[in-house]
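Colleague: Order-wise, the sequence lines are chains A and B. Going by our numbering, the first sequence opens with residue 1, and the numbers climb by one from there. Going by our numbering, the second sequence opens with residue 1, and the numbers climb by one from there.
The hints are simulated quantities; they were obtained by calculation from the structure and are not laboratory data. In this text, all values refer to a predicted model and were calculated from it rather than measured experimentally. It is possible that some hints are incorrect.
Said to hold, decoys possible - Take a look, some chain A residues computed to stay more than 12 Å from chain B by CB distance:
1. Arg182
2. Glu187
3. Glu199
To be verified - Residues from chain A shown here face chain B by an in silico Cβ test under 7 Å; the list is partial:
4. Arg101
5. Arg102
6. Asn105
7. Pro106
8. Ser109
9. Pro110
10. Pro343
11. Arg345
Note that CB positions come from ideal geometry on N, CA and C, so glycine has one too.
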Amino acid sequence: MKPEIPEHIPPERVVAFDRFTGPELQQCPHRAVTDLFKRSPDIFYTTGDRGHWVVGRADIARDMLRQPDKFSSDPRHNEANRRKPPTLPNQCDPPLHTELRRIINPFFSPAGVQKLEAQIRQLATELIDGVLGRGECEFLGEIAQRFPVELFLRMANAPLEQRELLVDKVDRFTRAPQVQERLAGLEELGNYLKVLITEREQSPGDDLVSLAVHGKVHGRALSDDEKLGLVTLLFLGGLDTVAAMLSFIVAYLGRNPDQYQRLVDDPSRIDNALEELMRVHGVAGTERGVTADMVYAGVEFKAGDRLVFFPHVYGLDEQMVDDPFRVDFDRPVSSHLVFGSGPHRCVGSHLARLEMRVFLEEWVRRVPKFSVQADGELATRGGLVWSPVRVPLAWPQQPPPAQTSEIAP
Amino acid sequence: MIRIVVDRQVCAGHALCAAKAPAVYQLDDEGYCSSNLSLIHI
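Work out the full structure: start from the sequences and follow the hints.
Modeller: In structure tokens form, the structure reads like this:
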């Protein structure tokens, strides 16, 4: 059943689009959604996913995301975004947001994540070496869904054996076409985390879950819901977003050998190149609820209207970036909003950058040439976080290391 | 000479300043921009 279009929404602002199942999301979603935004009003309304506004312009989105008093993250202003467990602090506004953020900020600051570099490099190396001799792999499942996820599970001191189970729950919450299925995935994740939280309440360690569980806001301990919300969001971020973005990036490099060769020839370019590769391969969206009736950017909003943002593609807005689809590793600034904007800007951005930079440094060293083994464009999936479905890669097999005799002559 | 003032009420703790210019900006233990900035010469 399609929701009715509310009365205050003019017909010329209604556009057909479903962020979970739309045809734009089945392949090359960045180009297809950018094209859709270009031929649609700057802010348009869709009946897809229970009905919501879509902000299609980067500059308007950036300004809105910086005004939590008008465009709130609190589900009180966005009925469709109510969920159990809640996810925090992305479902609350300052000042509580600021306090919750303060608990986890030290862990995710540039200096905080820098401590993890050696560990990140070691895992990247192990995973690449594990498939290297075969000359092929399915990158998403065999590497991308292991690399950031295993790192995260170690940070959380959660058992690695649960990896596939947890990735599946997060995948359902993030991309299942039916809302009931998404909420079921979230609830299952929450039930798993409740056990982990109880464990860390009783015997805290120096891991991320203990840090979150024993954090304080306004001088008081967190409520059970706040603990669960905070830990849930950490898992959602840690288990899916880097896996998806790294897969898009590696698929791009496999399909563009000239660009890849530049990084192989000079790995010191990876840092700058990564920013440009992130600009064109955003994966995660966000939403807000309108707090009061208002006219904003020429559009009439009613309190409780739901706004969905697409940081996935704001770096491809030609009003923000010249010739946005040209991937140029030498751009002075790769302007994008892939980590969002305003108070809710991604807390994990420094970790995500570090993970992807270190991974690419090790990848160029070990796999100097590779290609994507697929005819035509790769199939992708939409949802809260976009992702390729599979990324089959192949590379010339290197001669096995020279046999050494076990017995000295 | 340029003087940098940090408004701690507005700082959201994204730590972008420290990531871009670690020689200029330091973070406190909570990951927020330190208010103890000295005068910076350029």
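Colleague: All hints are to be evaluated individually against the structure, with a verdict given for each.
Modeller: Going through the hints against the structure:
1. Arg182: holds, 28 Å
2. Glu187: holds, 30 Å
3. Glu199: holds, 26 Å
4. Arg101: Given a least distance of 6 Å, the restraint on Arg101/A holds.
5. Arg102: holds, 5 Å
6. Asn105: holds, 3 Å
7. Pro106: holds, 5 Å
8. Ser109: Because about 4 Å separates Ser109/A from the closest Cβ in chain B, which is inside the 7 Å limit, the hint holds.
9. Pro110: With a closest approach of 5 Å, the Pro110/A hint holds.
10. Pro343: Since chain B brings a Cβ to about 5 Å from Pro343/A, closer than 7 Å, the hint holds.
11. Arg345: Because about 5 Å separates Arg345/A from the closest Cβ in chain B, which is inside the 7 Å limit, the hint holds.
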